[in-house]
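Given the structure of chain A, go ahead and fit chain B onto it with the hints provided.
Residue numbers (this note's numbering), protein chains in the order written: chain A, 1 to 136; chain B, 1 to 141.
There could be a bad hint or two in this list.
[Stated by the list, open to error] So the derived label-pair ranges between C-beta atoms look like this:
| id | chain 1 | residue 1 | chain 2 | residue 2 | range |
| --- | --- | --- | --- | --- | --- |
| 1 | A | D9 | B | G57 | 41 to 49 Å |
| 2 | B | D69 | A | L97 | 41 to 49 Å |
| 3 | B | V15 | A | E74 | 30 to 38 Å |
| 4 | A | G73 | B | R25 | 44 to 52 Å |
| 5 | A | A33 | B | D18 | 44 to 52 Å |
| 6 | A | S135 | B | A94 | 17 to 25 Å |
| 7 | A | G73 | B | D121 | 45 to 53 Å |
| 8 | B | L80 | A | T6 | 40 to 48 Å |
| 9 | A | L97 | B | D18 | 45 to 53 Å |
I should point out that these hints are in silico values taken from the structure, not numbers from a laboratory.
In this text the structure is predicted, and so the values were computed from the model without any measurement.
All C-beta atoms in this analysis are idealised placements derived from N, C-alpha and C, irrespective of residue type, glycine included.
The residues making up each chain are set out below.
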Amino acid sequence: MNVTVTQADGSVPVTILHTHGDLDASSYKGLIAAAGTAFDGGARDILLDLSDTPYMSSSGLVALQSIAALARGETPPDPGAGWEAFHAIDRDREGGLQAHFKLLNPQPRVDRVLEMSGFKRFLEVYTDLEAAVASF
Amino acid sequence: MAILRMCADPSQLKVIRDFVAKASRDLEMDDWIIPDVQLAVDEICSNVITHGYGGQGGQIEVIVEPIPDGVQIIVRDWGLAFDPQDVPVPRVDAPLELRSLGGLGLFLVRKLMDDVRFEFDGERGNSVTMVKRFQREGEGQ
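Just chain A, with the same shape it has in the complex:
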């Protein structure tokens, strides 16, 4: 899998990460790294374009949760530190729909994983690029 990055202007600048290929345990860290680089470069509103990603395992969900944390201005857990890092997530806070991280065009198998894992309840999903960009 590789990741390309483009920009779009809505009411705020939106950084679009386009994944190409399967998102699994071999590739999810690359996506987190790409999002981190974008954030360091000033990205604050992130749209993840999954049009060209036919497959995602739970490793991809780790990447999505990490990017969501990044977009909230938090330091995402280090995936290299093992699953224990995720167990340390602060539960003593409110949570809900992610305002600064959204998804575009998840393919059927990816969409099913998002549905089963409950991620779709908290991540807005768009099928139209313009509508997605305008939503930020």
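Below, chain B alone, put in the same frame as chain A:
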């Protein structure tokens, strides 16, 4: 029956998924079953690679074989054993900020497969045996 033995490396997961798809088609499984089986095997193999072998390599074996009412898949490794009871059930109804991710892979496996059994043996290795039945849930009732 089809058997694949691979190096336990994340770069081999696609090879394992392709093997599972081909073995499933050779067994003339319905197309709707194949993605579920692929994902379940991927999740178990990812756990083996990351936790069982700690990312240090090793061997992983995948066996796909027909059973009278479905398909059985065995994933075998010779890494560290783990107790699936130690993996907390994920809170899939909780907001992302409030949930941990550990256990989502196993959660998906249990949702996708009809039967999942873990066995740990110091000499014969660890195995996860999964069964997917051909009849969809709710059919034939």
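In ascending order, which of the hints set out earlier in this document are inconsistent with the structure?
5, 9
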